[in-house]
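There are 2 protein chains.
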Amino acid sequence: MTQTIAKSLAVAVLVMGHFAGVARAKDPLLSWNDGTTKKSITDFVAKVTTEGSPDFVKPAERIAVFDNDGTLWAEQPMYFQFLFALDRVKALAPQHPEWKDQEPFASLLKGDVKGALAGGQKAMLEIIMATHAGMTTEEFAKTVNEWIATARHPLTKRPYTEMVYQPMLELLAYLRANGFKTFIVSGGGVEFMRPWVETVYGIPPEQVVGSSGVVKFESAGGKAVLMKEAKVEFIDDGPGKPVGINRFIGRRPIMAFGNSDGDLQMLQYTTAGGPAEGSPADGSGSPRFALIVHHTDAEREFAYDRQSHIGKLDKALDEAAAKGWTVVDMRQDWKQVFPSK
Amino acid sequence: MTQTIAKSLAVAVLVMGHFAGVARAKDPLLSWNDGTTKKSITDFVAKVTTEGSPDFVKPAERIAVFDNDGTLWAEQPMYFQFLFALDRVKALAPQHPEWKDQEPFASLLKGDVKGALAGGQKAMLEIIMATHAGMTTEEFAKTVNEWIATARHPLTKRPYTEMVYQPMLELLAYLRANGFKTFIVSGGGVEFMRPWVETVYGIPPEQVVGSSGVVKFESAGGKAVLMKEAKVEFIDDGPGKPVGINRFIGRRPIMAFGNSDGDLQMLQYTTAGGPAEGSPADGSGSPRFALIVHHTDAEREFAYDRQSHIGKLDKALDEAAAKGWTVVDMRQDWKQVFPSK
Numbered sequence: 224m225t226q227t228i229a230k231s232l233a234v235a236v237l238v239m240g241h242f243a244g245v246a247r248a249k250d251p252l253l254s255w256n257d258g259t260t261k262k263s264i265t266d267f268v269a270k271v272t273t274e275g276s277p278d279f280v281k282p283a284e285r286i287a288v289f290d291n292d293g294t295l296w297a298e299q300p301m302y303f304q305f306l307f308a309l310d311r312v313k314a315l316a317p318q319h320p321e322w323k324d325q326e327p328f329a330s331l332l333k334g335d336v337k338g339a340l341a342g343g344q345k346a347m348l349e350i351i352m353a354t355h356a357g358m359t360t361e362e363f364a365k366t367v368n369e370w371i372a373t374a375r376h377p378l379t380k381r382p383y384t385e386m387v388y389q390p391m392l393e394l395l396a397y398l399r400a401n402g403f404k405t406f407i408v409s410g411g412g413v414e415f416m417r418p419w420v421e422t423v424y425g426i427p428p429e430q431v432v433g434s435s436g437v438v439k440f441e442s443a444g445g446k447a448v449l450m451k452e453a454k455v456e457f458i459d460d461g462p463g464k465p466v467g468i469n470r471f472i473g474r475r476p477i478m479a480f481g482n483s484d485g486d487l488q489m490l491q492y493t494t495a496g497g498p499a500e501g502s503p504a505d506g507s508g509s510p511r512f513a514l515i516v517h518h519t520d521a522e523r524e525f526a527y528d529r530q531s532h533i534g535k536l537d538k539a540l541d542e543a544a545a546k547g548w549t550v551v552d553m554r555q556d557w558k559q560v561f562p563s564k
Numbered sequence: 224m225t226q227t228i229a230k231s232l233a234v235a236v237l238v239m240g241h242f243a244g245v246a247r248a249k250d251p252l253l254s255w256n257d258g259t260t261k262k263s264i265t266d267f268v269a270k271v272t273t274e275g276s277p278d279f280v281k282p283a284e285r286i287a288v289f290d291n292d293g294t295l296w297a298e299q300p301m302y303f304q305f306l307f308a309l310d311r312v313k314a315l316a317p318q319h320p321e322w323k324d325q326e327p328f329a330s331l332l333k334g335d336v337k338g339a340l341a342g343g344q345k346a347m348l349e350i351i352m353a354t355h356a357g358m359t360t361e362e363f364a365k366t367v368n369e370w371i372a373t374a375r376h377p378l379t380k381r382p383y384t385e386m387v388y389q390p391m392l393e394l395l396a397y398l399r400a401n402g403f404k405t406f407i408v409s410g411g412g413v414e415f416m417r418p419w420v421e422t423v424y425g426i427p428p429e430q431v432v433g434s435s436g437v438v439k440f441e442s443a444g445g446k447a448v449l450m451k452e453a454k455v456e457f458i459d460d461g462p463g464k465p466v467g468i469n470r471f472i473g474r475r476p477i478m479a480f481g482n483s484d485g486d487l488q489m490l491q492y493t494t495a496g497g498p499a500e501g502s503p504a505d506g507s508g509s510p511r512f513a514l515i516v517h518h519t520d521a522e523r524e525f526a527y528d529r530q531s532h533i534g535k536l537d538k539a540l541d542e543a544a545a546k547g548w549t550v551v552d553m554r555q556d557w558k559q560v561f562p563s564k
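Protein chains in written order, with our numbering: chain E, 224 to 564; chain U, 224 to 564.
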């Protein structure tokens, strides 16, 4: 190696160092207003990532779990997966002439969603099953991908993939940059989320925990496929969330993020952990963090909590106050809600 | 930066390059004899990792799934998890005086395993349930860890964590070094494997798919725990393996490794995949790889296949021949079976 090359290398190293400095200086949580909420996050991350700190957690144990509906993306006026199902009912109606006289489909096809849902949970389940079963897992993923690429939110007219919260996207990236492994733990269908979450959130399909239907292996003529059946297998909501976390992840998370009473048990399970593996034996280090996104911004998003049918936040809000969990006041804490167009 | 520092840097870069060269030159599959078996693996890995190759697969899609019993570690004279259960029956017997007159426990406590198993699958399930339920997931993990640290294989007297196959350890590391994400997909209990697989195989708990029992969330006095119940939830064997892969991983693997008929559907599902995402649209690139470990080495390990009660390999061996899957002849293909002491 000549001295000239050596010099160039030295310059390259200097330049790279300079850019690294710039990256460090830039606020990774740019859409969060400064204040106690933001500080509670950055303080926690600092203490679990500082080697030698009594709260240091080794990277393998830095598991962070996120609810999806109402935590990473919006959930009003209805869960987006349910809006997907409604679109599918319309698309599949020509193949189901019997739906014209059969509830909840008859009402739906007349555009009467409220009438269709008069049948309560049973009606909702029928709609989900009619639109989420009877095809292979790969065919279903294709349908989801086509919908997510073309459908628009009924109020904002933006693609659903733009109805995600910019501050939460930054938070996901910030945690990963600090050695965390980020998971979705959602009441939504796992097969509905997996096709698009990697692109939108940077979370690969194998890090998505969700509700699921039964699938059955079928092998005929060399084509080995999995057929989706009209039968619920697992509801990843409420007490199902810690069960799902245990089933899929197998470790107790150290950070959990939710927005409704359906997340309460996940937050309890996360914060009730014993000392994280790798923390000192004296018990000082058992750092756990829970956060609730409180929808307080009727202007930029939606304002709802204790009385809402969707994303009801009541018991978990009381428990957050009692236990000192972080509560995001969307109106106060977020500079920006959705990504810029 | 002075010129001296620049020179030191240049030297450092040269030295690092030298070590990288050495690492490349060293065979990562040292315990595999050269031949068609080894070559089928390295050829496949080369083609899916060579950018511009029609068979190139982007890293996110490089999913490799491994059976555990008989593929990563031994499974004779009995599945090791069953040997764990037998040890637990002995340890728990003082708390269960009724077992003295109750099969299958009575026979077991007299040391008559064969008599205990006369009750067939029902007896086996009773033994598993009696030893794997009635405690929290964390208490169970602790029990497994204590056992794995102290128990010895009945024939070799080595710890079970040394009854793993050295060539497969090298293969796991080799695949990961080539951008693969490695998963276990085993008929064994997921909660039995997770406590130790990270140390032994370098596979984190969240990349383990296995059979499971029902767990229930319980929250009392601020202690949020998951209780293991005596009820089977999921059997990750045979047609359950593709179902488990879909449930936990959500992508079709491109490489699968097994050793018995219980792995057949996993191998079928893996090899029947359409073009991997990221491969060219002309259909040329749909590279899939299946491998079966054939236990042919009575001297260094055990020799068994079509007639064996444990790890029966019959239909899958025929299908491997018909479809050109790689079959490892342990006696011929492996320089070494277990790690050196």
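Derived by calculation from the structure, the hints in this document are not laboratory data.
Misleading hints may appear alongside valid ones.
It does not matter which identical chain is used: a pair holds within one copy or between any two.
In silico SDA-like pairs for lysine to any residue, Cα to Cα no more than 25 Å straight-line [to be verified]: (1) 281 / 520; (2) 439 / 284; (3) 337 / 528; (4) 404 / 427; (5) 564 / 462; (6) 564 / 284; (7) 333 / 258; (8) 261 / 455; (9) 345 / 381; (10) 446 / 319.
State the violated hints by number, sorted upward, taking the hints as numbered earlier in the document.
1, 5, 6, 7, 8, 9, 10
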